[in-house]
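Sequences are here, hints too, so could you generate the full structure?
With our numbering applied, the sequence shown corresponds to residues 195 to 763, in that order.
Warning: the hint list may mix true and false statements.
What follows is a list of derived Cβ distance ranges for each label pair [as the list claims (entries may be wrong)]:
#1 Val395 - Ala506: 44 to 50 Å
#2 Ala506 - Gln621: 53 to 59 Å
#3 Leu392 - Val230: 18 to 24 Å
#4 Ser727 - Tyr674: 39 to 45 Å
#5 Ala220 - Gln318: 28 to 34 Å
#6 Arg610 - Asp737: 35 to 41 Å
#7 Arg406 - Ala506: 33 to 39 Å
#8 Gly399 - Val224: 22 to 28 Å
#9 Leu647 - Asp586: 26 to 32 Å
#10 Gly399 - Arg719: 47 to 53 Å
#11 Leu647 - Asp737: 22 to 28 Å
#12 Asp726 - Gln621: 46 to 52 Å
The hints are simulated quantities; they were obtained by calculation from the structure and are not laboratory data.
All C-beta atoms, glycine included, are put in the ideal place defined by N, C-alpha and C.
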Amino acid sequence: MTFRLRAMRAFALLVGFFLMGVVLLAAMAVLDWLVVTKLYSARAAWAEGGLLTVTFLLAMAILRGMFAFLRAGRLPPVTDAVAVVPEDQPELWEQIRAAAEATGQRPPDQLYLVAEVNAGVAEQSRWLGLLPGRRRMFLGLPLLAGLTAAQLRAVLVHEFGHVSNLDTRLGAVTMRGRTALIHTVEAFRDGSTHFHYLIGVLYVGYARMFLRTTQSVARHQELAADRMAARHAGRDATASALRALPVLMSAYAHYLETYASMGGSQEQEEGAGGAAGAGGAEAAGQALPPVGEVYGGFRRLLAARTGEGLTALAAGQRPPRPHPYDSHPPLAERIALIEELPTDADLDPHSHTRHQPTPALALLRDADHLFAALEAQTLPPMVAQLPRKSWDELTMARAIADAEGWSRPLQVAVARTLRSTEQKAEQTTEQKTDGTATVRRDTTPSAPANSPLPGLEEILDAFDRGLLWMEVADRMPKPYQAARLIGPSARNFIRPRIFDGLAGLIHLRLAESGQAQPDIAWSGRPGLVLPDSWEKGMDDALDAAVADTPDTTPLRALLAAPHPLAKAT
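And the structure:
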């Protein structure tokens, strides 16, 4: 079956989706008319009234679905983006107009910059695109930060290719129809009555059939948009843009989780599951990066990491599992098909000349202002009012919070151990002499529950007394399954946590004394830079302190030795 025939079949099914509601309404109207005029009887009035009520409620559910279907092409208000007009960003608009002209499309009426690694064109169409309407384009500022101008051109042409005529006008209508059906099914899912669910089952079944039937049309449109991008923006630029997108998405998610939300409390971030975007900053609720750096700091990460460094952030992540209704062919397949096209040199003999690629962000005027404006549009009011700190201040605050989190379980375990040993000492001082009633009691009170937690030296003293594996390890928090471990298995399980607890106490000590400096480490992970002597000897000293036979001498030697101030790289 040719593409035109498949598109016509899809359009017929799309019309059938709407007509199904009309037929159901007509059938219920006929049924109600028969009940009222032909089958009415006084003895069964209550049953007939119940039937009329049911058909009325079903009709309301169907009308809601039909109304949602007709409204699927309407554009909602935009509240989480920055509107950009041609007068403010003429270079970017020039690229957009050129991409629209290359695909035979009219440029968008509105352009919005968003805080996502994404791009798209949306149109307020009537009759599923048969009649054009107002058109919007969305471009992610993080996407611009990670692409070259040539790659951006390929992305723009591809997005306009989605709404272009391509092989037939019905192809674009089919793409909009898939979106409309999904919108309608979601309207039934959000219904509050069983009647919405009952009618929704029927519509969901039809929608599944339509999505499966039109999948080939949707994939054809996707591949045609890829070919159009390669033809007008270059094969190499298109292929490299497709490769860059998943890498940029992973890098941006890493940036939001590791850097943008750095000012949040550890407990809240863990509870939020490392939420990305403004949600991560909202969950944090402590401090924000400098103005314009919540999203703009992503540029620093990209500048500090090579291509291999960015790819490593996506390593180990599985590609999204394809589902039966996915309109996108696998990314590897799309890239392979693009690379089978003629090279750019074959299309343009002068294209072999090498030029330094122009960053897509260079197309913007005053990018810093746009990043700051995007923060104002996307951050909730309560979050936007949080204090701002420099990256170094955020790094130091995060390092201290992390160190306190690592060290507290060890401090609590040692405190409980010391209180327990003191209580045992009190009991052993009760001695009877020569069978008399003379009692000698040590009146030293045990440590109260709210006493300060032990410091590093007190913990090392407890280790030297042999309390680490006899008492402290048993009081360290552990999962229920790990509580059953005994002997070497139990020690090997809890040893890294004790190691981290000591390391946290050392970081706190060095930070308080000014010997540790913050390091934002855009090419690695943010943390503290320790003096050279600590960097070289800390791990070995900690290993000795948490060995089966603890030896705190190396660690005490490091604590006693003078250390020059560390310098952040």
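Now the hints, each set against the structure:
Roughly 46 Å separates the CB atoms of valine 395 and alanine 506, a value that falls within the hinted 44 to 50 Å. For alanine 506 and glutamine 621, the hinted distance range of 53 to 59 Å is satisfied, since their beta carbons lie about 58 Å from each other. Our hint of 18 to 24 Å for leucine 392 and valine 230 holds, since their Cβ atoms are close to 23 Å apart. Evaluation of the 39 to 45 Å hint for serine 727 and tyrosine 674 yields a pass: the beta carbon distance comes to about 41 Å.
Our hint of 28 to 34 Å for alanine 220 and glutamine 318 holds, since their Cβ atoms are close to 30 Å apart. Evaluation of the 35 to 41 Å hint for arginine 610 and aspartate 737 yields a failure: the beta carbon distance comes to about 25 Å. For arginine 406 and alanine 506, the Cβ-Cβ distance of about 38 Å falls inside the hinted range of 33 to 39 Å, so the restraint holds. A hinted range of 22 to 28 Å holds for the C-beta pair glycine 399 and valine 224, which are about 23 Å apart.
A hinted range of 26 to 32 Å for the beta carbons of leucine 647 and aspartate 586 is consistent with their spacing of about 28 Å. At about 49 Å, the beta-carbon gap between glycine 399 and arginine 719 stays in the expected band of 47 to 53 Å. One distance hint, 22 to 28 Å for the beta-carbon pair leucine 647 and aspartate 737, holds here, with the actual separation near 24 Å. In this structure, aspartate 726 and glutamine 621 meet the distance hint of 46 to 52 Å, their C-beta atoms being roughly 49 Å apart.
Hint check: a violation occurs at hint 6 only; the rest are consistent with the structure.
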